[in-house]
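Protein chains in written order, with this note's numbering: chain R, 1 to 376; chain U, 1001 to 1267.
Treat the hints loosely; a few may be bogus.
Computed Cβ-Cβ distance ranges for the label pairs, DEER-style [claimed, not checked]:
hint, chain 1, residue 1, chain 2, residue 2, range
1, U, F1177, R, G2, 27 to 37 Å
2, R, S134, U, R1006, 37 to 47 Å
3, R, H326, U, P1159, 41 to 51 Å
Pulled from the structure, derived: some chain R residues nowhere near chain U, Cβ distances all over 12 Å [to be verified]:
hint, residue
4, L125
5, S300
6, G350
Derived by calculation from the structure, the hints in this document are not laboratory data.
Where a beta carbon is used, it is the ideal one built from N, C-alpha and C, also for glycine.
So the chains spell out like this:
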Amino acid sequence: MGLRLQNIDKMVGRETHLKDISLEFEPGSRNIILGRTLAGKTSLLRIMAGLDRPTSGKLFIDDRDVTGVSVRKRSIAMVYQQFINYPSLTVYKNIASPLKIAGLKRTEIDQRVRKTAAILHIDDLLDRLPTELSGGQQQRTAIARALVKEADLLLLDEPLVNLDFKLREELRIELQEIFTRRKAIVVYTTTEPAEALMIGGNIVVIDEGRILQTGPVSDVYQNPATLKVADVFSDPPINYIKGVVTADAIRLGRGIDIPLHDHLSSLKAGTYKFGVRANHLFLTRTAEADVKIRTTVELSEINGSETFIHVNYDNSMLVVQQNGVHSHRIGEPVTLFVNPHYLLAYNEEGHLAASPSLQTATGMNAGNVGDDHGVH
Amino acid sequence: MKIRKRTIGLALYFGLLLLPIYWMLNMSLRTNADILGVFSLYPTDITFGNYIKIFTDKSWYSGYINSIIYVSMNTVISLSVALPAAYAFSRYRFLGDKHLFFWLLTNRMAPAAVFLLPFFELYQTFDLFDTHIAVALAHCLFNVPLAVWILEGFMSGIPREIDETAFIDGFGFPRFFMTIFIPLIRAGVGVTAFFCFMFSWVELLLARTLTATDAKPIAAIMTRTVSATGLDWGLLSAAGILTIVPGALVIWFVRNHLAKGFAMGRV
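Input sequences plus hints: build the corresponding full structure.
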């Protein structure tokens, strides 16, 4: 089954939730919708499911217009952010319910329920009620109920966001394996770049109800087409340093000169913004080509087993991601090292001009729709 | 020390509350002559004569049967009408929904006497006078709005995603409503049934006016104890005690739901 969205708009009252969304999903594909909170991820998913009707635009399944078709008549499964199960039914009956409605034989239902429960490691909880389970187990039940149907379209709306860190990691790995074995179109929304990278497949980056960029996850990660995409697809947010490209060198910020090497050599003269992710800024020299940025610590925070150091350079905030737990005093001088090889160059319009894995912007793939919509 | 004081206070309060009921029980177990003759804190010659009369005299016990019939009818009608209505108010937005919801409640603000004459006229015309359904329908005027109001509160506490998940899973609406949704608001249904029952059970004005003989409620029959020779105190008390019993039974059955209902719903 292939799914196609054609110029979908969704207005609620006077508010635009989605604007001109056109997408195509291939059978058996894994798709991530990445966007911040309120970007329109859930609205999009609900339209794909058929729970909401788009204000305008059409939805096709295998070239058949299904825009107004009731959700009951579609082959879909959905997992919500909240743990949604039928509280009055046991875990077994919860998972069995879609099969029972479909009128399957009891033996087949039993076999499929047990198989799916085993995949999600809830096979010893089948007799319990959802309220007697932990959050993680409840969500596993919800996922099991979605999987057991073997629907053509499997929608997951930030399924792991309400789980604690450890459970999230666990389920994320399991889900990744589960998805690879599916024939269905899997659509998975998330706000977290790390989750998007882990699940893999294709990605749709949306913001304020518009599609910013589409393509394979790693391509989009390496070549965020606009500043906005780079922002959404980096956690902590990507760092920007202003720079001027002259005939023979790049002058970064307040007087750091970088030779025009590799991917940067194709840049035309002008002013640019250079983006570098927090994990590409180091406190020690890592390569011969590294350039130094001298500044002072403004804030240092520990996040899990990583330390984020916030510094100010040339009137813009930079965040350095340092592995391990370290303490830095506020006001302490630091030297950052950045390899020009990792720099993403954005022109004045905010479009990607050069990236490490892409020689020039001219080679950008056709699936890139970010340019059509411009940048806010 | 503090706890003792509170316990004593509560016991005293409870005692005062139960005093009239105890006194009624006391009287119901005595003969009329005994009641009027001597003052006694407890019945010395216990007699069940009053109760036996009520249970053997058809003109007495039919009153209980009539009351139970129309009260049950009313509870069933109110619930079966209010459940879908409350679902609609809770789940859908439609033109004037909020006004309609409030208007429903205003029905309860009018005294029953206002509706008495129209009902009487109407039922005479449609030949419904002195039937059980007549009283049950009249009481719906008060119970349906209350039921919708209470149930809507409970339903709005259930996430909409459960409905959607059920539809995604392929449930048809009736099946979803009966097998998934109603069990979720069991407490609310219990509480609502209780309120409908109690209102209909104690309501006297409409029930008495809209019936003559065939569907006469117990409360109206009790007035028969007044005669030219005076009041039959013992019999009246026994009837009173028996009137409390069904209500107490219903409370006993929904007591757990009731506490939950008060905590989460709109009671």
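Going down the list of hints, with the structure as the test:
1. F1177/U to G2/R: 27 to 37 Å: The hinted range 27 to 37 Å holds for F1177/U and G2/R, with Cβ atoms some 35 Å apart.
2. S134/R to R1006/U: 37 to 47 Å: The hinted range 37 to 47 Å holds for S134/R and R1006/U, with Cβ atoms some 39 Å apart.
3. H326/R to P1159/U: 41 to 51 Å: Holds - the Cβ-Cβ distance for H326/R and P1159/U, about 43 Å, lies within 41 to 51 Å.
4. L125: The claim holds: L125/R sits with its nearest Cβ about 19 Å from chain U, beyond 12 Å.
5. S300: Holds: least Cβ distance 41 Å, greater than 12 Å.
6. G350: Given a closest Cβ separation of 37 Å, the condition holds.
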